[in-house]
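S.K.: Residue numbers (our numbering), protein chains in the order written: chain A, 1 to 277; chain B, 1001 to 1307.
Keep in mind the hints are simulated off the structure, nothing from the lab.
Every value quoted in this text rests on a predicted model; they were computed, and no experiment measured them.
Don't be surprised by glycine CBs; every beta carbon is placed ideally from N, CA and C.
Accuracy of the hints is not assured; some may be wrong.
Said to hold, decoys possible - Quick list of the computed label-pair ranges, beta carbon to beta carbon:
| no. | chain 1 | residue 1 | chain 2 | residue 2 | range |
| --- | --- | --- | --- | --- | --- |
| 1 | A | Ala222 | B | Ile1018 | 53 to 61 Å |
| 2 | A | Ser247 | B | Asn1275 | 42 to 50 Å |
| 3 | A | Arg165 | B | Glu1042 | 56 to 64 Å |
| 4 | B | His1093 | A | Glu87 | 19 to 27 Å |
| 5 | A | Lys251 | B | Ile1250 | 37 to 45 Å |
Claimed, not checked - Chain A stretches covered by chain B per the calculated footprint, using a threshold of three residues with CB under 8 Å from any CB of chain B:
| no. | region |
| --- | --- |
| 6 | 90-97 |
| 7 | 129-137 |
What the hints assert, rightly or not - Computed far set for chain B versus chain A, every beta-carbon distance over 12 Å:
| no. | residue |
| --- | --- |
| 8 | Gly1019 |
| 9 | Ala1029 |
| 10 | Asp1030 |
| 11 | Ser1038 |
| 12 | Arg1047 |
| 13 | Val1051 |
| 14 | Lys1083 |
| 15 | Arg1089 |
| 16 | Gly1110 |
| 17 | Asp1112 |
| 18 | Val1148 |
| 19 | Asn1181 |
| 20 | Arg1233 |
| 21 | Tyr1264 |
| 22 | Gln1280 |
| 23 | Arg1307 |
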Amino acid sequence: MVSVERLKDISREIGCGIVASTTAAGSGHPGGSLSIKNVMAVLFFHVMRHDPSKPEWPDRDRFVLSKGHAAPALYSTLALAGYIKREELYTLRKLCSRLQGHPSRHPGMMIEASTGALGNGFSMAVGMALAAKIDSRAYRVYTVLGDGEVQEGIVWEAAMLASYRKLDNLIAVVDRNGLQLDGPVEWILSVEPLAAKWRAFGWHVIEADGESVDALVRAFEAAIKMRGRPKVIIAHTTKGESSSVMSWNRKYHGSVLDREQCMQYMKENGCGGWNCR
Amino acid sequence: MELQVSTRDSYGKALKEIGADSKIVVLDADLSSSTKTSVFAEAYRDRFINVGISEQNLFGIAAGLACSGKTVFASTFAVFVGKAWDILRIIAHDRLNVKVTVSHGGISNGPDGWSHHSIEDIAMMRALPNFTVVVPADSVEAESVVKVAAQNDGPWYIRLSKLEVPTINGIDYRFLPGKGNVLLDGSDVSIIACGAMVHAALGAAEILKGDGVRAMVINMASIKPIDVELVLRAARETGAVVTAEEGSVIGGLGGAVAEATSSYCPVTVERVGINDTFTQSGGRDLYGFYGLTAEGITEACRRVRKR
Ligand SMILES: Cc1ncc(C[n+]2csc(CCOP(=O)(O)OP(=O)(O)O)c2C)c(N)n1
Ligand SMILES: [Mg+2]
């Protein structure tokens, strides 16, 4: 397996890509992208079975970014994994780019479902897990949701079905970064007790420190072992993690660093070879 | 440079002004800083409810409040009204006093891409009986629409935009449902537009002058009820009509105009809009890419006059 040290380094590079691409785009959602960079590193470089040389391999594990606004985290991960060229990241959100503001289905690029309207991705992930069961295929489905996103009713409709159908090939991650667009989740519409809610819906719940690659590795390994039920990892993270400017700052849900701030970020995070355009 | 303001900006301002009326309740679904209901929220905290990210619930709660005598303004992005379609049908059927006031209409939040662009909303909302459907052209009109809506009982769909546009209307302008406005008289072709396309239509009329063509320009913010009389006058006097809107060419303003003309005064109608396709990410250059510009409307005018 890839060492934890290597995973940490990949996560750091994903952060560089997130900031470089959103600053170049002049818009986007860096805060909620940075909070999942550890999850993305562990998923794509340790947990998931996939092969960049055979992107449409039928038994590849599926990944659905239900919180689609974190697309820069997905695109940066895909660049590091070799599905797209690093240079393409700088076309993010621009006219005639493959890197749409929110993920648009492109199986050859590991983008299994179109997301951006919150809630839908999770339901589609449940559908994919169901398809694997119907076809007796061994692939697993992974999906990442926001902690504000779980306010959408469809999430709970799908969660109910997933446990009733015993979809133990489904592993969800809730990015518990504490913030949504208008402010702290617990002020806007409390989602607590979150773990108890998932349990009541028949899911196996694992809480993990999402800022620790180590803890995430262990959480995913435990989740894979657990049979008979769908599993959810509640990853406790910080929105804007790794940036002194963006950390726990609601402004950076939907706005980006300017060039100077971007260069500062690159310095703070040792982002060699990345540009602030 | 001309001062440019978005229609969503005057929404917050207008809500705050009329907010002293204790019957008014404002709802949002975690987009208050984008839709500008946040301005009302700061002034009238006890009558602002943020329902979280749950659009179906947003309009369900709105319907219940309206059933209980409230005047409800419920806001999210235009594209997300589709998430609550079933509840919107109830609001329409029961003529509930809910003002569905949405921002980021059309492709105005360009870089977010198709998942955040609303191109079919005008057609959808127009198909619901009892809804008044309005797309204001500038901030002055938007402010008036919000105030007039608050005075009128019943369901309204008010589509606002993030795009900053020059102001066309004078400060004393007052919106009237079912009334269009002739901004420029002409006899050779008429351009009937709504929203940001009104400014583009004026630009097209300017370009057409160079061809010796005099275009009539109409701001048809009131898409439903549409000003049938004015549409027919334009058709009769110019014999050729171009519609322009920031949305699909199917079922929106273009559809409404074609319905009116085909019944009473069949003339050739060219519809400028998104040509039955999903739109992609981009900046302001998207408007040029999809022909939603003065130049695009000009071309349509030249085409319609040749046919
Ligand atoms: C259905 C829907 N409603 C509203 C939005 C606008 N929106 C984008 S991100 C966001 C907040 C998301 O908060 P959270 O799920 O906590 O994401 P994170 O903090 O991880 O960025 C909102 C309301 C959307 N994309 N989809
Ligand atoms: Mg969050």
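S.K.: To test your reading of the hints: which numbers does this structure violate?
M.R.: 3, 4, 7, 9, 10, 11, 13, 14, 16, 17, 22
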